[in-house]
Amino acid sequence: MPLWLEMQVLMLLTYAAGLGLGWLVFKRKG
Amino acid sequence: MRKRLGAAIAVLVQAYPIALVLSGAFAVAVIAAASTVAHGPALVAGIERKALAARDAAGGRGIEPRFVTASGALTRHAQLAGGERLDDALRARVAGAIARVPGVAGVSWLSAATGQGAPAERDKADSLHCQQDVEAILKVRTIRFSEASAAIDPASDALLDEVASALRPCLGSIIAVTGHTDAAGDEGANLALSRARAETVRWALVARGIPADGLRASGKGSQAPLEGLTPTDPANRRIEFSVIRKMPIRPTPVDTPGPG
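In order, the protein sequences belong to chains A and B.
Everything in the first sequence is counted per the numbering used here, starting at 19 for the first residue and increasing by one.
Everything in the second sequence is counted per the numbering used here, starting at 16 for the first residue and increasing by one.
Same shape as in the complex, but just chain B:
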């Protein structure tokens, strides 16, 4: 029986080799289509669930990954939308976290606001790199101030030199300098102090050659304590840097924010 079947196949192969190969390919294509219909939705749902978990872990609530192409077909390539109010560094981090989920083929942003295409993506990566450098410098040392004053302790001069040189590759970016305090004392005074300290750091960086109009200083008082710390912990006194986005520097007549 097996011998006869083998012989029949040999005869068919010799007589119609191309037709056989093509009909095999057609059968495979039909099986592939059927299995996409049968298993695709469950597969994509599983990937989406993991992507949402990764998004939440990265702190990107508001960003929606969509696993549907423009024509409405299911895909493993996530298109990210929303989260416009989150800063670009966080958005990039969330996109990275989703891209690393097993099964996700890639990510891209749907909105034009964040910039599309390779150059914008590269700029974003550069900005992020800059910020990571600064964070690495400030992880082990902090910019110190005199007690209850916005004057920078002279011991922190060298540290500011390092921060300035780490920010230099990001020239052309908007760099936010945010001051924080602990919850000791009057909140109004804390807010003013954190703002004044951020301003001092901003000007210290300007003195080191960072353009003033790319630097934004603000203070949050004790409103944003470090994760895992109580608001009264002195370790909450700090200056944070975030590289917001890459943009051409446009000289403005007034580069300091108005009152309020």
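Chain A extracted, bound-state conformation:
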């Protein structure tokens, strides 16, 4: 697996996780 692809996958997954967490917090606050 090339390094650039590894980096893309890792960072986009982190982004998705952050987005999901943000959405959960936002939803709880109303």
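Since the hints were made in silico from the structure, they are not lab data.
As the structure is a computational prediction, the values presented were derived from the model and not from experiment.
Using N, Cα and C, we set each Cβ at its ideal position, and we do this for glycine too.
Accuracy of the hints is not assured; some may be wrong.
What the hints assert, rightly or not - Pairs of lysine-lysine, DSS-like flavour, derived with a Cα cap of 25 angstroms:
no. : chain 1 : residue 1 : chain 2 : residue 2
1   : B       : Lys154    : B       : Lys235
2   : B       : Lys235    : A       : Lys47
3   : A       : Lys45     : B       : Lys18
As the list claims (entries may be wrong) - Example chain A residues on the side facing chain B (calculated, C-beta under 8 angstroms, incomplete):
no. : residue
4   : Met25
5   : Gln26
6   : Tyr33
Given the structure of chain A, go ahead and fit chain B onto it with the hints provided.
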């Protein structure tokens, strides 16, 4: 100010949620690409340096780990090339040492000679396992011979039984039996004695059901003393086994090596 910014974001999120998420993802992808360009070479160089040190520590000089994919991109996955003259057990050990270097994602062999794909890798692991079993048996006890003779001391019969049963899972492998002596006495005689002793052990194993054509006997005299020992140390008198590789047994009309 913060309140207004928050409100603006809330409005944007409600109006264009998908567009915002996608543009965020795009920004992340650009940052990831930029950081690969900026830090990738240094990262891979660091991993390569550690991999080379691990290779040297495992005694695998000649094997080159390459951290480049077929298309030329940097990678943390090492592709190993070279070292064809090293035996398979050592190559497997070096590959293992490189694979354990922190940061290395995995290893694979580039050359077809060592076999590629899962079955070959599994066979190699089996062979190695066999050899480790034999080494473990011989670590605490040694095969004894009568003084200046190739006759195996009867006290070593039980030990040979154990060696034979440890080698049994490796049937189908080429197993090298190598005799060594210490440096006392004439080197020509030592060489002949070490060869004769290896041959005796080979036949003792054949007598215990190990196929003769999978066993190769050779002698090195005092040319390869144990690491850390002086050549004259009697502890250098020994028989070593190495499981070379897994291959189908092909019956040959003559299974003993010719003269020389």
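Cross-check of the supplied hints:
| no. | hint | verdict |
| --- | --- | --- |
| 1 | Lys154(B) <-> Lys235(B) | 20 angstroms, holds |
| 2 | Lys235(B) <-> Lys47(A) | 79 angstroms, violated |
| 3 | Lys45(A) <-> Lys18(B) | 18 angstroms, holds |
| 4 | Met25 | 5 angstroms, holds |
| 5 | Gln26 | 5 angstroms, holds |
| 6 | Tyr33 | 4 angstroms, holds |
In this structure, only the earlier hint numbered 2 is contradicted, and the remaining ones agree with it.
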